[in-house]
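Protein chains in written order, with this note's numbering: chain R, 1 to 163; chain Z, 1 to 534.
It is possible that part of the hints are untrue.
[What the hints assert, rightly or not] Just so you have them, the derived chain Z footprint on chain R, three or more residues with Cβ under 8 Å:
id	segment
1	46 to 58
2	74 to 81
3	125 to 131
4	149 to 157
Keep in mind that the hints were calculated from the coordinates and are not lab data. Backbone N, C-alpha and C fix where the C-beta goes; we use that ideal spot for every residue, glycine too.
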Amino acid sequence: MLSRRRVLEGTVAISAGCVLPGLSAGATELAAARPDRAVFLGLSRALTGFDDLNEELAAHFMTYLAERDPERWRALMSRLRTLDASGDAHAGPATIKALEASEDLWALAKEITGLWYSGWTQAGDEVPQAIRAEGYREALAWRVLALTPRGVAPGRLWQQAED
Amino acid sequence: MEQFDVVIVGAGVAGGLTADALAQRGHRVLVLEAGPDEQDRDALREIYFATPQKGFDSPYRNPAQAPKPTRTPVNDYYVQKGPAQFGSTYERRVGGTTWHWHGLTPRLMPADFRMRSTYGVGLDWPISYDDLEPWYLAAEHEMGVTGDSADDHGSPRSGDFPYPAQRQSALDLAIKAALRGKRVRDVELDVTAHRAARNPEICQGSGSCMPLCPTGAKYEAVTHLNRARAMGAVVRPKSVASRIVVTENGDVSSILYKTWDGEERAVAGKVFVLAANAMETPRLLLLSAAAGGPPVANRSGQVGRNLMDHPLQLSFAVAADPFTLYTGPQSTSVIKAFRDGPWRRSEAAFRIEIFNTGGGAFGGPDRAVARLIDQGLTGTALRAALADAAGRELLLVGEAEQLPDPENRIVLSASERDGLGLPRPEIHYAYDDYTTRGLAAIREVQGFVFDQMGASRVFHLPQILGSGHIMGTTRMGDDPASSVVNTDLQCHDHPNLFIVGSGVYPTGATANPTLTIAAFALRLADHLHKGRLR
């Protein structure tokens, strides 16, 4: 059975449009996938203000976005590469500013921010989409508020807690 | 044909407590439940977490054979004929709506039973508060209710709560301090802890009483259904009651039900108890007549009429200072001053619940997140802005009284059917001036509370929502010409058919109905044990 990660790697390999000669298909995908993942994480860090983002969740977000609107996803990746935002470092304010200049890409960037903070998304009038339960459980909003997600027991009795 | 002492339709709080009390006393009990029996809390929680826009119904599936109304999003199970939309929903599953309820358990007040004689509106109940009081106390102990026994909230008590009052949140206490000595509409306000069926020795304030408590601290009817099973009762899920069969002498001989595969079966009993809530119980009664037989329990023509709710007015504001929100039981305190008073001659009474949830009763601070992102904030600026904004989101929820109106009713849809081919409920529903004035009073009082706190940007939601408190469609009364059941909850027309639930309410008052439903169930079980099942 094809795992979601494999699907993702396949998707981004295709989206990156580069298959390196001399490598097995899997290795080719991995080689292509790493830069995309790094690019996405770099942008996500800049957008969210958090450095230690969940890489597995990032993979799911990427899969979702790439499958939903491949053209816009490719445009974002392409633009980010052009801006030299690859690697593990933060994408900088210049990247944010450049994306702001493109209505389409800025809308996508906002959606990515929302995915990280809430765990779900809604594009236009479409039915809202949740990526998976982890998106809610690890939504950054909970880290900002320093709370366990609602629906997860905090590990102490309410009667004895202090606000 | 299978034969039981008691056949109960509906495995919610009413059916669960009735089944348990009778099984404990040695009676052979069958509970038919239309929905599934799915009690894996962790699995339900995963479904809930993976649902994007969260609501009461999110963790619980909606099978075609036993469909339910949903609110997030609103579905088409109800065939709504207006003019107002009926917004209350429920669960069809073993445990019923106690899976997604809030756990609040106020009692009715003495005047709630005497609306006609006290205020000249509605009608008087054929029983008094004193008749029900011992059963309230018993229900509080069965369900494990928290409360300050020294403060009766205007509902006199013959005994103590099993648990002390639940701790109020910092927000509750701030509002209490802001309101100290203040009056609005000539009434002094106070902020008191809810009575709630939340075990304080388990409750972690997980922020998710609705729709699913992760620790099981909140009372759920599966407690009693599982206990009844251990005593020999049969709880049969995926069994959709479709027809009550009546003999020529007026007794009920059997109930027909459909399995999810569409197979029709029959079961006989000495006594039949309808406990399928104030929507599905009248639907079943109407289905029975529509199937070709005579009208069932409907000599009065009142089955399905007098549908009531506690219409909700939500009000939002932005606090001057941030609080720790989005944690704790979703609401820990009530402003109860307007539950009873002379204004009830002309406008609805109401309660106000203070929510610890920030701007949304479910999930995370998604509205604030969306707003701040839309403003273009990113990175550390977004983090700081969200931390500040989410702590300032205030939500007050007012729940208004509604008087019985025979034109507010549920009938069978002539054209729309469910997955088993049974007609869906068609709803005719409106708010009268009495309730409309009460909703306006709620806005005034909730606005006053915000003002006293120094809050800003007050916003009253234009849409009036349902509270989930479905009442009145099989009313209780002494006169068979104007009511469906008598004071023993026995159908006037059928000596061995009983109805238990908030459908028997003659008037709606302001108390969340579950505790009263539970009191009725315990009272009915006692009555049956000492009477027809002796």
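Right, here's what the structure says about each hint:
1. 46 to 58: Our answer is that it holds, as 5 residues pass the Cβ test (under 8 Å) against chain Z, meeting three.
2. 74 to 81: violated (count 0)
3. 125 to 131: Three-residue rule met by the segment 125 to 131 of chain R, so holds; n is 3.
4. 149 to 157: Since three or more residues must qualify, the claim that chain Z covers the segment 149 to 157 of chain R holds, with 9 doing so at under 8 Å.
The structure fails to meet hint 2 from the earlier list, while all remaining hints are met.
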